[in-house]
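S.K.: Here's the letter readout for the chains.
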Amino acid sequence: MNLLLGALPLIAILAAPLAGPIAGRLRAHPGWTSAGVAAGLLAALVVLAQPVWSGQALRLSLDWFPDVGLRYALTLDGLALLFAGLILAVGVLVLIYSVAYMHAGRELGRFYAHMLIFMGAMLGVVLADDLIVLYVFWELTSLASFFLIGYRNEDPDARAGATKALVVTVAGGVVMLVGLVMLAQVGGSWQISALLAKAAAIKADPAYPVILTLVLIGAFTKSAQVPFQFWLPSAMVAPTPVSTYLHAATMVWAGVYLLARLLPMLGGTTLWVAAVTPVGLATMLAGGAIALVQTDLKGLLAYSTVGALGLATALLGWGTPAAVAAAMVFVLNHAAFKGALFLAAGAVEHETGTRVMDRLGGLRRAMPLTFGVAALATLSMAGLPPFGGFLSKEAAVEAFLHGPWIATGAVVLSGALSLAYGIRYMWIFLGSPPQPRRAKGRVAATAPSAESVHEPPVLLYVPAGVLAVVALAFGLAPGAVERLAGLAAAAITGTPQHVELWHGPTPIAAAVLATAVGGGWLIFSLHPLADRLKTLLGWMSAGRLYDRAYAASLDGAKILTGLYLTGRLRDYLIYITGTAIALVALGVARTGFAASLLPRGVEMGPAVTVLVAAAAAVAAVRMRLLLGAVLALGAAGYSVSLIYLLLSAPDIAITQAVIETVSLVLFLVAITALGKSDVGHPPARPALDWLAALAAGAVSAAMAAMVAAPSALQRVSEDFFAHAAQAGGKNVVNLIIVDFRGWDTMGEISVLAIAALGIISLAPWRRAAQRAARPRRAKAAEAAPLTTLILRTIARVVSPVIVAYALLLLATGHYGPGGGFVAGLMISAAMVLRSQAFGAALLSRRWDVLMAAGLGLAAGSSAIPLVAGKPLLQHTLLEVGGHRLPSSLFFDLGVMLLVTGAVLAAVRSLVEAAEAE
Amino acid sequence: MAALVALLVGVMVATGFYLLLGRSLLRQIIGLSLLSHAANIIILLAAGLRGGVPVIGAGPGSMTDPLPQALILTAIVISFGVTAFLLALGYRMHLFGGEEKGDDR
Amino acid sequence: MTARLFAALPVLPIVVPLLAAILLIVWQSRRVQRTLGMAGAVTTLTAAIALVLLSRGGAVMPVQAGGWAAPYGITLVADMLAALMVLIASLIGLVGLVFTIAAGRDDRFVHAGWQFLLAGINWAFLTGDLFNLYVAYEVMLISSYFLLTHGTTQRQAREAFGYVAINLVASMFFLFGVALVYSATGTLNMAHLVERVPLAPAGTVRAGAMMLLVAFGTKAAIFPFYFWLPHAYAIPPGGVAAFFGGMLTKVGVYSLFRVFTIVFPSGGPDPLLLWSASATMLFGVLGALAQDSIRRILSFHIISQVGYMIMGLALASQIGIAGGIFYVLHHIVVKSGLILVGGAIEETQRTDRLDRLGGLARTNGTLALVFVVCALSLAGVPPFSGFFAKLLLIRAGLEARQYGVVAVSVVVSILTLMSMLKIYTTAFWGPGEPRRATVRLIAPAAALALITIAVGLRAQVLYSLTSTAAGHLTQPARYVAAVLRK
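Residue numbers (this note's numbering), protein chains in the order written: chain A, 21 to 937; chain B, 73 to 177; chain C, 1255 to 1740.
Careful: at least some of the hints might be erroneous.
For the chain B half of the interface with chain C, some residues (derived, Cβ under 7 Å), not all of them [as the list claims (entries may be wrong)]:
id	residue
1	Leu104
2	Leu107
3	Ile114
4	Leu161
Hints listed in this document are in silico derivations from the structure and should not be mistaken for laboratory results.
Glycine included, every Cβ here is placed at the ideal spot set by N, Cα and C.
Using the sequences and the hints given, assemble the complete structure.
M.R.: Structural data, given as structure tokens:
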């Protein structure tokens, strides 16, 4: 039983995508399948409601997000029953109506899917017992509303209206979410039923005002209270079924529902009354007044709804049992008469093609049934007996009777206003048909002629008729209303409620009636003055504020972004480095500075080399010729290499020297294309460049000093010396590279491989045929035969020596400076020499195989131990042909092959690219 | 000695950075190379500047910390790879040359 | 045999793509390349799933490379955080590759580069050594340079140059940081650092921490280091962009999470990171509002959303960090999905500029639905994963009494929604009857959309995993013990 409760919202949502396809199968309008779903749910609700009628509540609570404490918890009590019944009953009627209203189109399935999703979500809102479940369904209704408003999205007004509605309601929703989270933290639970027990503690908590404000913002945005009401009229661009269902009967009332639901735990305080009631009253009057001056049928009804929402809000703000009951009665009545009025307006628009009231008139003759329906509903809206609307207005006045007179007066005034705009609404039926206007000889096509308009299809006025009859029934036989409202009020206030609406003719009732009728007629007659009122009221709207804020945020974003995101690398580097300098400086200033700054033990050799390196670096900056700068860089590099040598790092020295050479070659290749274009007076540099560079240098020097300071903690590298024998070598650096930290080297050679791939992809090799076609190579081989002969001799002699030495370095890497990388570079050098001499296609073998082999060998050395159950990259001593070889040799060999392949491949690419220029 | 080397780091960072802030792409690459030299040297400083070549049995006295040396070797090779790639990129894409082109995007 | 497989498991996500890449360097046939590429991605994903399953309950699996005990050798560590990151990387690697193949933009170089990139990313997640992290970063970075510049125009190469330059500077900061940390503590092993940092000279450690913050922060694109991102991410085609946009910044975020909790603990909400998070969120979304093309808008949102992740880190509480990790995983899925949608649009419409698009929902219903799901999830609208990610962070923020950053996060999520609506109402609504995108182009994004829906329905599943992961960061004793074999 309870599971059915839990399924109610979900069934509609899950059925949503099916409504269209199933209808297609049955060759029926998808409105029928949707109405069927709604009817089924209504039946289920009736079944579930049995215990609720006798005052009990139905509950369901399932695990959902236990770590946070969220549960899929639903409750069906009087309040939920009232709203759920409303949602489903009105839903059935609106969906039936929509069968005639919505013309077939390929988007229709999607329309009904959204309607069903909305219905399910709305049900979820009123049934939810967990704050987050409520919030999820709350936002889902906003989402569905967005798609429904934007149904005819070719229309820019539809797009704008949908966007505005969504942004305002979601913005309010997110703010509310923070309030709900705070509420849960203060109350210790996410479930509303558990929070009710903590109501006193919640209201006494210092966070209560904040929680209240945040939650109210959510409720007020959803229910279009002042100053958030501006999204509702823009939403009227939606098709009439949407306007009726969402924006008159259900979605906008979610805020009112929330106020009712949270009243027990947040309400009853001075703050609540002071915050909610005035907003409600202001909205009530503003809505009524603006409705009066509308020219659009749906606009009138929209603002009228705003006013109604205001009344209900004010009543819930007041919070007495009588006020709460009056609010519930009003919700029911309003749904009946406003729903009918919206549907009738839609029918009129369907037949006449316009919603502008000035262009309509005398429709009572053309569509008498619709006229009848609209009349009944209007009488109820105006608060005239014997309709339900009269009883609910009277209940509202009575609820405020013992409160401030201004509130009572405002309610009476709003009654007068609703009579006035009710008459305005009915004037399209009552008045005389408008004259077709002629403008400069053109016949105005806007005013429909009397002959072409007739009664709308049955399905368009019957659902409205049902609602209108219900509105009448609520007045004549209010028993059901009294009972339902009583249950709802009991659920809110916690005490059983007995609601009795018709006390017989009382002086108060008579006085109210008379004032309303009299005032209404007065206002209606004065309505031409109202245009000035309209301008005045336009000021009250936050709508323009929203529009300006929206535009301003977009423009502001553009300006701000343009300011700092200049697109220049230099600027970005200064931001980054400036921040880095600041972070280090501030951080160290706080924690202290440990460094050895005293120049102790300066040795001549290294000192001179250091100075040379520094000078070279400065020269690289000062050189105007690019070639000079490159050579200065080279000088710096070689000096640094020398420094390494002098500071007991021979391996690095060799590697650095070789790499510096290769780099120089690459730089020179890059420069050759430039010719003389780089000589010239360099433009003046802004002072910030100097400052930033010097600051960076200073901080770096300071950090270097900190690095040089000895620390008391023992280095892990101490252990390497102890394990060197186990690793089978004496050159500890090489051992680290190949064994202890071989995994670093694996990455290093991968980087090389990818770099080579990158270079090759940028400078793809020519195919052999193209190469053969080039005359240049042939010429080079013939020119200067003597030079070629010398070159070839040198190559023949020297290159094998280089290769042999390279292999030696590879083999003895473990014992002295050397290793795979240097070996690879040397072999590459030898190959380049040969290719220059012999002109043979450098690496006619496939470079990719060589690189892959190298990388594969290294990777294999890493991975194969895994297969043998050993850790990654663990080296062992292997027996190969009677000799004992460390497997790290294979790793190093892999490095060598990779380096050779990569360097040669890259060189070939660049050389060929250079030749092509 | 350490102070001198620290100053060298500072000089290389300053010059490298200054070049990097300029407009000529090739000079920016030169600047990047200077910066990586600086980074390598600062790692070496972590070894302290004492001790001899870290080859067992190479000589008397204690050996210097070999770990920073291995780190530097890796860093040098990696920087080299990236620099070569950058040069190739600039060269092939005709990005070099012409101060007037600058590096405005 | 199985025991060996399990012991080797933490290494597979690196080694498998590496081996695939090696083979891809050699093979010429397009079909073999595609098979190899897909096989590499799928195998890696399988290994990653196994890793996550094994890490439940807080298990930590170290692998000592070379067989040398920590802290002397290099340790690779698979704890829940690393496993989750590897899983998501492998997933996006697979999905993005499928898209790239579907769009026909693959060749030998792209396949090899793709596998190298995946290997590098997983490497960064799995390594437990600070310098090895630098090496992993370099493998990842050079693969990204490669994929970025492959097949581009001259103008794009110029943008790429800036990206490379900034990353090189960040790498220099990284090395400076390594030097400072090693000099102060004498070790590079992360678990060992947990023990040693409190004993080391505070000034040097602090300077090293700041250098690492800048290095990781540049990669993660937090304020004020993120400027390179919008320019760089506008260059590559959809599949590559999805891989980049989803994963590259998250490696930086991961490094921040790993290092600035266990190695440099803050002992409470960190004001520096809170400010950075707020600024990142705000400037990112404002940048997005200023853009007019889908790719650029999404690039700025990457920045903005990283701000949320840093917010979780900055709160430094168990629920804050768990929420932050949840956010990371959710965002990767959604952002890659959105970029793939943009990619599909670009492939079929030849443009992604909003002023040239319209009416896409009319002819591309599924694509529109995928976009809506991912966009709403990004903006934190329920019932998708993004909502729960935001909820977790709001909850953590309120509990830590950091009301400022919570307020910023709320404002930014509203602005994010506005930005997504701008794309939707301009490109998907409105007049027009554009071409249809093929199923193969939509399917990868759709798969990701399904994931965000599934996570939204039952967020508990993912949250318990991220909670376990956060546990290792806030209480590193188990991690340290497992690595150092105490």
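S.K.: Regarding the hint that Leu107/B lies at the interface with chain C, is the smallest CB-CB distance below 7 Å?
M.R.: holds (5 Å)
S.K.: Do the numbers back the hint for Leu104/B, that is, is its least Cβ distance to chain C under 7 Å?
M.R.: Holds, because the Cβ-Cβ distance from Leu104/B to chain C comes to roughly 5 Å (cut-off 7 Å).
S.K.: Was the hint right that Leu161/B lines chain C, CB cutoff 7 Å?
M.R.: holds (6 Å)
S.K.: For the restraint on Ile114/B, tell me whether the closest CB of chain C is nearer than 7 Å.
M.R.: The hint holds - Ile114/B has a Cβ within 7 Å of chain C, the shortest such distance being about 5 Å.
Every hint, counting from the list given before, is met by this structure.
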